[in-house]
Each structure stands twice: as structure tokens, then as C-alpha cells.
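J.: The residues making up each chain are set out below.
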Amino acid sequence: SQQGEEDPQALSIQEGENATMNCSYKTSINNLQWYRQNSGRGLVHLILIRSNEREKHSGRLRVTLDTSKKSSSLLITASRAADTASYFCASRWGVTSGSRLTFGEGTQLTVNP
Amino acid sequence: GAGVSQSPRYKVAKRGQDVALRCDPISGHVSLFWYQQALGQGPEFLTYFQNEAQLDKSGLPSDRFFAERPEGSVSTLKIQRTQQEDSAVYLCASSFSGQGVVGTDEQFFGPGTRLTVL
Chain S
1405 SQQGEEDPQA
1415 LSIQEGENAT
1425 MNCSYKTSIN
1435 NLQWYRQNSG
1445 RGLVHLILIR
1455 SNEREKHSGR
1465 LRVTLDTSKK
1475 SSSLLITASR
1485 AADTASYFCA
1495 SRWGVTSGSR
1505 LTFGEGTQLT
1515 VNP
Chain L
62 GAGVSQSPRY
72 KVAKRGQDVA
82 LRCDPISGHV
92 SLFWYQQALG
102 QGPEFLTYFQ
112 NEAQLDKSGL
122 PSDRFFAERP
132 EGSVSTLKIQ
142 RTQQEDSAVY
152 LCASSFSGQG
162 VVGTDEQFFG
172 PGTRLTVL
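Taken in sequence, the protein lines are chains S and L.
For my numbering, count along the first sequence from 1 and bump the result up by 1404.
For my numbering, count along the second sequence from 1 and bump the result up by 61.
Please keep in mind that the hints were generated in silico from the structure rather than gathered at the bench.
For each residue, glycine too, the CB sits at the ideal point set by N, CA and C.
All clues stand as given, with none of them false.
Among the chain S residues that face chain L by a calculated CB cut under 7 angstroms, a handful are: (1) Arg1445; (2) Gly1446; (3) Leu1447; (4) His1449; (5) Phe1492; (6) Arg1504; (7) Phe1507; (8) Gly1508; (9) Glu1509; (10) Gly1510.
Far from chain L by the CB rule (all over 10 angstroms, computed), these chain S residues: (11) Leu1415; (12) Ile1417; (13) Lys1460; (14) Gly1463; (15) Arg1464; (16) Thr1468; (17) Ser1477; (18) Ala1489.
Let's have the full structure, built from the sequences with the hints guiding it.
T.: Right under this line is the structure:
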């Protein structure tokens, strides 16, 4: 399969707790991106981390990248019910804009109010 | 436009029928991608256009799948003689930059077309 792997496949937490999702990929990358997908909707870009970066923050999101282990993690702090969605990592190996995104299988996050 | 739009949002086809799915990218975006997303899975790449040129079609699963973008804007994904395994959500994405630009530009996704083949 061209896809990477994410774990857990499903995560259920209470509002206010932190949620951590992990992603592994198979090839060398130029950057790795995280997307959110609400049920029946398209993908929304959350954050991008380049291969020479180790950590990046955006609001309540924190992404780490370990290229030696070919893995990344997404942390959502102080979760809200509105964060309930599927989260996908997507790796990009090429440097041109035509290079495809290779998606993981996703983590279904449920935040209970 | 405000974003990438796709039509129809839902399509039910009988096995063997041909279908055509439309994507309207963000105005001025050079790159356009098609992805296929099976239920419970992440999207998988199908094909890529830079303006009207189809530069990568390595992800198309069979010769029943055909995509075009004749004027470098709207794109159509056509599936001939649909099979049940074609049932999926078909996502279109566009990005501003073209070939040669460092690929950190964001891809903007449409809402997708959910295809169900009976």
C-alpha cells in the first residue's frame, strides 16, 4: 500500500483532555501535513512541518517530526467537542508542487462533552 | 470562487454505467489533483494536472478511469463501466503553484463526490 499508518485508529476522550495521534510513513519526505475531515466533508489543512523541522505549533496544535523513525505526532491540547473528526497525516516526498500527498489511514477522534 | 467545488455531491450508478464527476478549482490555481477515498480509509492519489497538462496519472486504478482539464480550469473525472469496487468518495484538490515551485504550497480540497455503484 502507498499509505502510511496511523494510530490509534480511534480515540475517545473527554472535553478538556489532550489528544495525541501518531503517524508513520515509508519514504523520505520533503514535508508532512496534517488534515482534519469532518463526516461527509472535505479535508481541511491544519499544519505543515518540513523535513528539517522537529516541532511546530499552531494554536492548540503541536506537531512533532522524527525523520530517523519516519514518524510524526499531532497533539491537540484542551480538546473541545468541535474537534471531533477524522485526522490524517499526509507525507510529501517531492520538492515540486506536482508531487502527490500520501495519506495515512486516519484516526477517528471523538471528544465527549 | 470561495473554494474548490465538486458536483454532483452524491451519485448512484448501476454497475456498468459511465459517470462523470466535475471539479471547479479555486480560480487561478495551477495544480489540480484527484484522490479516491474508500470508506474508513485515507485518500489515495489518482492523477495530477498542471494547467491543462496531465503530468501524472500513475494512480488511476484502471483504463476505465479517465481525467481531463482541457482549458486548465475545470476538470472532469470519468469512470467507464463502473464496478462496485469503484464506490468511494472522489476528492479534488487545487493549489496555486505550478511545476518548479518548492512543494510546500497547501492543497485545498473540495467536499468530494460520494459515488455508490449498485
